[in-house]
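A.B. asks: So the protein sequences, as listed, match chains E and Z. Read left to right, the first sequence gives residues 1 to 645 (my numbering). Read left to right, the second sequence gives residues 646 to 1290 (my numbering).
Simulated from the structure, these hints should not be mistaken for lab results. Hints may contain errors.
To be verified - As a list, the in silico EDC-like pairs of lysine to aspartate or glutamate whose alpha-carbon atoms are at most 20 Å apart:
1. Z:Lys829 / Z:Glu783
2. E:Lys45 / E:Glu245
3. E:Lys153 / Z:Glu1249
4. Z:Lys829 / Z:Glu849
5. Z:Lys690 / Z:Asp663
6. Z:Lys798 / E:Glu604
2 protein chains.
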Amino acid sequence: MHHRLILMPSGRQGEVADGATLLDAARQLGVELEAICGGRQTCGKCLVALEQGQFLKHSITSTADHLTPPGENERAYAAAHGLNLETWRMACAACISGDVLLHIPETSLARKQVILKAARDMVIEVAPAVRLVYVEVEPASLGGAGDWQRLQKALAEQWQLDGMEIDVSLLRRLQAALRAGGWKVTITLWDERQVIRVEPGYVESLYGLAVDVGSTTIVCHLCDLLTGQVIATEAMMNPQVRYGEDLMSRVSYATGEAGGLGRLHHAAVKAVNDLADRAAGTAGIDTAAITDIILVGNTIMHHLLLGIDPVELGQVPFALATEAAVDLRARELGLNVLHPGAQAHLLPCIAGYVGADCVAALLASLPFPQDEVLLILDIGTNAEIMLVAGSRILVTSSPTGPAFEGAQIRHGQRAAFGAIERFRLDGTSGTARYRVIGDERWSDQLQPGHSLTPTGICGSGIIEIVAELFSAGYVAPSGYFPPTGNHPRIRAAGKSTEFVLAEADETSGSREIVVTQFDIRAVQLAKAALYAGARLLMDHLGVERVDRIHLAGAFGSYIDPVYAMTIGMIPDCDLSRVIAVGNAAGDGARLALLNAAARRQAAELARRAEFVETAAHPRFQDLFVEAMALPHASDSFPHLADLKP
Amino acid sequence: MHHRLILMPSGRQGEVADGATLLDAARQLGVELEAICGGRQTCGKCLVALEQGQFLKHSITSTADHLTPPGENERAYAAAHGLNLETWRMACAACISGDVLLHIPETSLARKQVILKAARDMVIEVAPAVRLVYVEVEPASLGGAGDWQRLQKALAEQWQLDGMEIDVSLLRRLQAALRAGGWKVTITLWDERQVIRVEPGYVESLYGLAVDVGSTTIVCHLCDLLTGQVIATEAMMNPQVRYGEDLMSRVSYATGEAGGLGRLHHAAVKAVNDLADRAAGTAGIDTAAITDIILVGNTIMHHLLLGIDPVELGQVPFALATEAAVDLRARELGLNVLHPGAQAHLLPCIAGYVGADCVAALLASLPFPQDEVLLILDIGTNAEIMLVAGSRILVTSSPTGPAFEGAQIRHGQRAAFGAIERFRLDGTSGTARYRVIGDERWSDQLQPGHSLTPTGICGSGIIEIVAELFSAGYVAPSGYFPPTGNHPRIRAAGKSTEFVLAEADETSGSREIVVTQFDIRAVQLAKAALYAGARLLMDHLGVERVDRIHLAGAFGSYIDPVYAMTIGMIPDCDLSRVIAVGNAAGDGARLALLNAAARRQAAELARRAEFVETAAHPRFQDLFVEAMALPHASDSFPHLADLKP
């Protein structure tokens, strides 16, 4: 005998056998309900509501007597939680005895969805590499099998999980957990094959960390892996900075200093441990409840995290020790504040200078726009450049140098409180004004002594200064202050020329802030490297234009696309399609944390991505030299004056 | 075109294709030759000799021109090693161009055999879980794949090894090794799936340790895994003794003392590290060249080695955390003097009191005698009792107590210099004499002041004393000194009676050594437990007699089977078939080290073995009480007087 079952809001329906539990019947119709307890009428995760009414051509008058009556467990649960059993039933307990129309609340679905706010809102199915499984194990008996063997048996019988593995660190805790739980335990399973945690009794706690190890900043998102929500985010400076400001100096330190590699490795690991502790503290959970961690970073961060000497990444041919994703126990890296059984996953790299951060950024850009050419730029000391078109993904890395991070600029500095980040020059009056980070007002609105005074110029600031000076004609396309330049703030400085941005009495250090001819040269070198890299990929693919540009990373969020285009840093593109996508690497890491299939996608992306070498490419030098000049506004490109806010 | 190939001494022959290398041709005929270099004419492992002569009905006049002429590599190798290329050829280089009769020296066979002197001489095929593989890896190139990816590719192409895995500790050393070897490396492979060591260039070095972790003594055999030879053996007292003499006191210490578990774990691990260092020193190799280690021990040693709290093994129902074999990286146990990639294997256990040492002892007894009932006894504070008949293996453990180890005996002591180990009593004259460990003379041959004086009585000594006193009629079957006993050395002691073994002036401590009524009782209790256990298994199997008894362990080697049978410690058996088999657990460990298939056999033995619980068995108490008496000589059993040396 069969009955009709209709599931709302999905609308799935079909005939199911008399006597089947709602849990099994829903599964037959393709709807998986949550059931951590494995149908033992314990966890109450699979609650469903009986509905009345007309659905399509079926009129269903499902009443409580179309289901078997509630048993003791259900009545106890309903009483404890104030549920009306006429409406709410446990899907694992109620069996079908007539036609039924059910409403399945979002919270009862096995696979929850979460919105990730990345380049655009992404809907992620919460299906991480770890999951919880509640089992009841046969008690120990004289001459009987060992505890692990009986747990394996229970997992096979109650969850059809065969051939499970366990680690010695967990064997050490297994016996106490089984006895503390009265032979009822909640298992955390990794990759459907490894038991990585055993908690006494029925437990709902599943947490993971997504960590983006940048060379400057380390950002960590703590996620509840049952709901998919980020419950804490923490960041700190990468403490490796003390051993080397840029990547190459860290490679030198790792290789050249005795114990250097160990110090760099431990600095990164300690930072991740500290961030994990801080995030857990903020969220009010135990750090040791974290059982999964995703780590992304550029290739040098990747190798240093793994404790691999990056020496080969500092010299031709920039050979990686491995480019594949790495799975290992977090404690093997020294991440010992997490659960001892916690697993770590490092996303794959692509080539010597194109690391897991790029793969993560690509992952966060999925699905790629159809019939569009997408350029993704992650700009730092090195720029990672990714060009996606159709089924092809080209990637390269271009040595932009540190100018965009405020280094190698006379009065350059990191993007921090007091750094000049915005600049405007009135083309007619020649009046200059600027804005510093931490103060929303422009310099011409400031009251001396009552305002944040400038300390230097950050990357986005120097770009705007060069762009505005160029647009107003005070800097030539060659980058030089023309001899005719007669702005009152432009003055000779030795054999060179400079622009006085702020007088000494305006600044915090009581010294002038100037932009020199050399500073403009540094910006030209940096932007030419970036542009030439992007252009090389476009040539490689045979496209003349890109349809969309994603600016990733902190710097990508600061810079104004208008100015980036003005100085010829990025290829021409409809400005409405130049988007700052924030920490794309961090978003990709979060994606891989919440959804195990995304890890396989990442591996696929890394495999498909074609690396194009810039330095060795015969065209690169030509493109680079061409790109040094500041560009004349093209027809397709609106004049700066029309775009300025 | 085909030619006839005949291989001596195996006598295998067949037709092989013209142009095939001798290596491939021999493989076709089922003879695997050694070729660590993978046929690259480098290692010289596959040397074979051209022979002339008549073989069966084929007259072969194989001359050097029946093979392709030697190339540059062969000529260089022959020159360096003084080989005549008219006779000796590299099988991987020489190709067949006519009929050939070859002699294949033992050293050129891929699978060497080694004789293990255990219960009887065992022929073991040297086929360990680790093996060497020489590969040539494509050099790194700009934009090319990572080092590990190119090594994987080389393993797949050159050795058909697909899906190889690598551990992070090895990734850390991979790049330097590849470059040091000029992209030529020798890989150590574990279980045909894990790369555990990478050495620059062509290397012949493969070592393993077999360790028997006894509760009293730890014995370690260092083996050359290319030849199968033991190259060093070292032993030391188990340093855990300082935390508890017997197993139960160690369980109490592990459980009851703060940090106790850690101290016991580290004591055992440090001992194994120290033994490894000592053995490597003796053999003149680097300890870090050891890549495989097998550990056996009783269940409590097993858990303590793994760092698992043995608390459950100290109380009913004696549940093991796991009974399966454990594979893990040696460094995870703290065995950090070995190679960082070294693998450890712990043989499986059978039940709460029947550990990996028993499985190893069973393994060392393979193949089991056909159509015979074999009883294996490993006697210590607990006796492990194994009964093998047909396809069945019954095992149990019986609490013999420490009497056989000299404890709970008034003047008992461990088997060490000065311990009385032998005793004779002339039935007619009543003259008593003894012998101590470290001196070959009997006490009646000693010159006072010039001899090793007795310090106490060890296990084998107390058994002989009881047996001789009983045989001569000075002790009744009940174990009591009969009131009529009138030997001059038998005297009253309070309400009890005792036998004076040595006068105060004979002993090192200037105190008498006596055997008390209580001592005899302790021996009776111990032997009854052992006998009852064996009897229980025999009843279980429905056999009345055993055909063969193996006495395993140090104590089993010391005791004289005649006396063991006299006091009814072991079941009746033809005395010629009661054999001391020495350290059977250590032999089994060595077997599992040299031959990976033996590990699978061990797992199969552990699975097949049926555990029979003694303490809880209703028959055990009856059998135990019955076995307390000293037995009247049965018809089948020769009188002691006829057997004494």
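A.B. asks: When you check the alpha-carbon spacing of Z:Lys829 and Z:Glu849, does it fall within 20 Å?
C.D. replies: Holds: Z:Lys829 and Z:Glu849 sit about 14 Å apart, inside 20 Å.
A.B. asks: So if I understand the rule, the pair passes when the alpha-carbon distance is 20 Å or less; does Z:Lys829 with Z:Glu783 pass?
C.D. replies: 9 Å, holds
A.B. asks: Within 20 Å, alpha carbon to alpha carbon, are E:Lys153 and Z:Glu1249?
C.D. replies: 18 Å, holds
A.B. asks: Within 20 Å, alpha carbon to alpha carbon, are E:Lys45 and E:Glu245?
C.D. replies: 50 Å, violated
A.B. asks: Is the Cα-Cα distance between Z:Lys798 and E:Glu604 20 Å or less?
C.D. replies: 18 Å, holds
A.B. asks: With the threshold set at 20 Å, check whether the alpha-carbon distance from Z:Lys690 to Z:Asp663 stays at or below it.
C.D. replies: Between Z:Lys690 and Z:Asp663 the Cα gap is close to 23 Å, so the pair fails against 20 Å, i.e. violated.
Of the numbered hints given earlier, the model fails hints 2 and 5; all others are met.
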